[in-house]
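*Asks:* So the protein lines, in turn, are chains A and B. The opening position of the first sequence corresponds to residue 1 in the numbering used here, with each subsequent residue numbered one higher. The opening position of the second sequence corresponds to residue 1 in the numbering used here, with each subsequent residue numbered one higher.
Derived by calculation from the structure, the hints in this document are not laboratory data. Just so we're clear, the structure is a prediction, and the values are computed from it rather than from any experiment. Be careful, since some hints might not be right.
Think about it this way: if two alpha-carbon atoms lie no more than 27 Å apart in a straight line, the pair counts; the simulated DSS-like pairs of lysine-lysine are [to be verified]: (1) A:LYS139 with B:LYS129; (2) A:LYS129 with B:LYS139; (3) A:LYS129 with B:LYS129; (4) B:LYS139 with A:LYS209; (5) A:LYS249 with B:LYS249; (6) B:LYS129 with A:LYS197; (7) B:LYS139 with B:LYS129; (8) B:LYS249 with A:LYS129.
2 protein chains.
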Amino acid sequence: MVRGLRVVMLGAGRVAQHLGPALQQAGHVVLQVWSRTLESAEVLAAQIPGATATADATGLAVADIYIVAVPDAAVPAVLAAAQFPAGALVVHTAGALPLSVFEEWPTVRGGVLYPVQTFSPGRTIEWQKLPLCIEAADKAGEATLLDLASTLNADVRLVDTQQRLRLHMAAVFACNFTNHLLGISHALLTEDNLPMKLLAPLVRETIDKALAEPPFSVQTGPAARHDAPTLARHQVALAAYPGWQNLYKMLTESIQQQARGESQNNEGAF
Amino acid sequence: MVRGLRVVMLGAGRVAQHLGPALQQAGHVVLQVWSRTLESAEVLAAQIPGATATADATGLAVADIYIVAVPDAAVPAVLAAAQFPAGALVVHTAGALPLSVFEEWPTVRGGVLYPVQTFSPGRTIEWQKLPLCIEAADKAGEATLLDLASTLNADVRLVDTQQRLRLHMAAVFACNFTNHLLGISHALLTEDNLPMKLLAPLVRETIDKALAEPPFSVQTGPAARHDAPTLARHQVALAAYPGWQNLYKMLTESIQQQARGESQNNEGAF
């Protein structure tokens with residue numbers, strides 16, 4: 001296991017704020033933090049002993065790996081603005097960005113280090129066992145990424161661009177959309193002065209079951225049991241929220257279609 | 001705290017299988033289990049020392065409380081078939097059934113004991129702190145239900161029919177629909193030979209966050225950040241699943257509408 005890799009972090013947002021200190025603590029050397037605004041770079045660099053801050057992407061330190069941890073849509077602009085040493089290993093951390101994003105910059109060796117997690121300020125990330133998906137344009141880059149990731153004791157996997165896109169899309173369903181549904185629940189409860197914690201044991205049990213068994217096989221609720229009176233009562237109760245009422249209908253239909261064993265993989269079937 | 005209440009359980013399904021033994025262990029006496037099929041009643045009665053089994057709803061034992069734990073849609077038929085002693089306290093366990101379901105049977109005192117949890121065979125239910133929502137037609141029934149529920153160390157609350165319906169509806173969003181989304185994730189991953197456990201830390205972190213803060217305030221993902229290229233890539237990747245592609249669009253639109261601060265509580269706005 002190689003420690004002491006020299007790292008330059010481009011970006012000072014949520015991913016960089018967690019990944020930078022974690023790499024330092026795992027025995028690597030974060031030389032420099034670049035951000036579009038010097039102040040952001042300085043805030044993060046202050047969390048990492050020995051790291052300097054810069055807002056000048058043409059004056060990056062010489063490092064073993066450059067990690068571009070910025071919002072997906074900002075990656076191309078950062079690659080365009082930065083001056084990397086020829087042959088530098090430059091990786092992004094985005095789920096939905098292909099490796100081919102680096103093809104415009106043939107003097108660098110591209111790669112991907114995608115942590116399958118959501119990063120929020122003030123929350124602790126458990127890196128041990130965290131899935132880290134790796135892809136690299138060349139074997140040497142892949143080896144460096146494997147070295148780097150394995151020092152975090154993460155669950156490191158080689159995942160290609162196509163698989164990563166689908167993994168990211170699955171994460172959108174499982175997490176972003178799930179959070180939105182929990183938000184609707186929260187809003188409905190709040191209107192009735194009921195606390196969200198009333199649903200906590202049920203939500204946790206639902207998640208435990210869904211992670212233990214294929215979720216379609218453990219589907220419960222009024223949609224799954226075709227409980228028409230309950231479905232009708234809920235539709236009436238949602239009359240004041242036409243958007244959520246419509247979502248309820250669509251999700252109910254999708255559950256019932258799934259239960260009928262109708263393949264979704266059938267263009268035009270819906 | 002009153003123990004030793006005499007209970008008759010009507011129903012031998014998932015709720016009864018968990019609630020019956022839990023009440024016995026909490027110091028109450030489950031005299032009898034009724035089910036439409038004698039065999040089901042016998043299977044459950046065998047789990048409860050001292051309980052007898054019957055399929056004859058006209059020969060129920062004399063008890064302090066009769067708990068009708070059957071699927072919501074079956075409750076009226078069970079109430080019609082059973083002969084309860086005059087003045088008996090009879091409760092159902094359904095989230096979406098009003099207390100008024102008992103009005104057709106004026107010789108019994110109606111009530112509700114709604115556990116906010118999903119019950120599956122083979123899983124252990126943690127009754128301690130479990131939200132138990134109580135409603136009763138009269139104060140004496142309410143007192144008996146409070147006694148019964150408090151011996152389980154549950155989080156006992158008085159919740160009226162209207163609130164319970166909305167709580168149940170919120171649970172459908174937070175749990176049934178969430179499970180369906182996790183099922184879609186699972187199906188997408190499986191097609192790419194990726195294991196669901198890749199998403200486990202992300203799902204758990206999402207849930208932890210959503211239960212700690214208002215979920216709308218911590219929404220992340222391509223919809224929330226209006227990441228058009230990623231949204232477009234996901235739409236292409238979902239082309240073979242038109243139903244899920246459509247759900248993706250609807251949920252994305254709902255997230256963006258929420259972020260714009262548009263009230264959902266506005267008839268015809270969607």
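*Asks:* Each hint needs a verdict: does it hold in this structure or not?
*Replies:* Hints versus structure:
1. A:LYS139 with B:LYS129: violated, 53 Å
2. A:LYS129 with B:LYS139: The hint is violated at about 53 Å.
3. A:LYS129 with B:LYS129: violated, 30 Å
4. B:LYS139 with A:LYS209: This hinted pair is violated, its Cα atoms lying about 38 Å apart.
5. A:LYS249 with B:LYS249: holds, 14 Å
6. B:LYS129 with A:LYS197: holds, 10 Å
7. B:LYS139 with B:LYS129: holds, 24 Å
8. B:LYS249 with A:LYS129: It is violated: about 32 Å lies between the C-alpha atoms, which goes past 27 Å.
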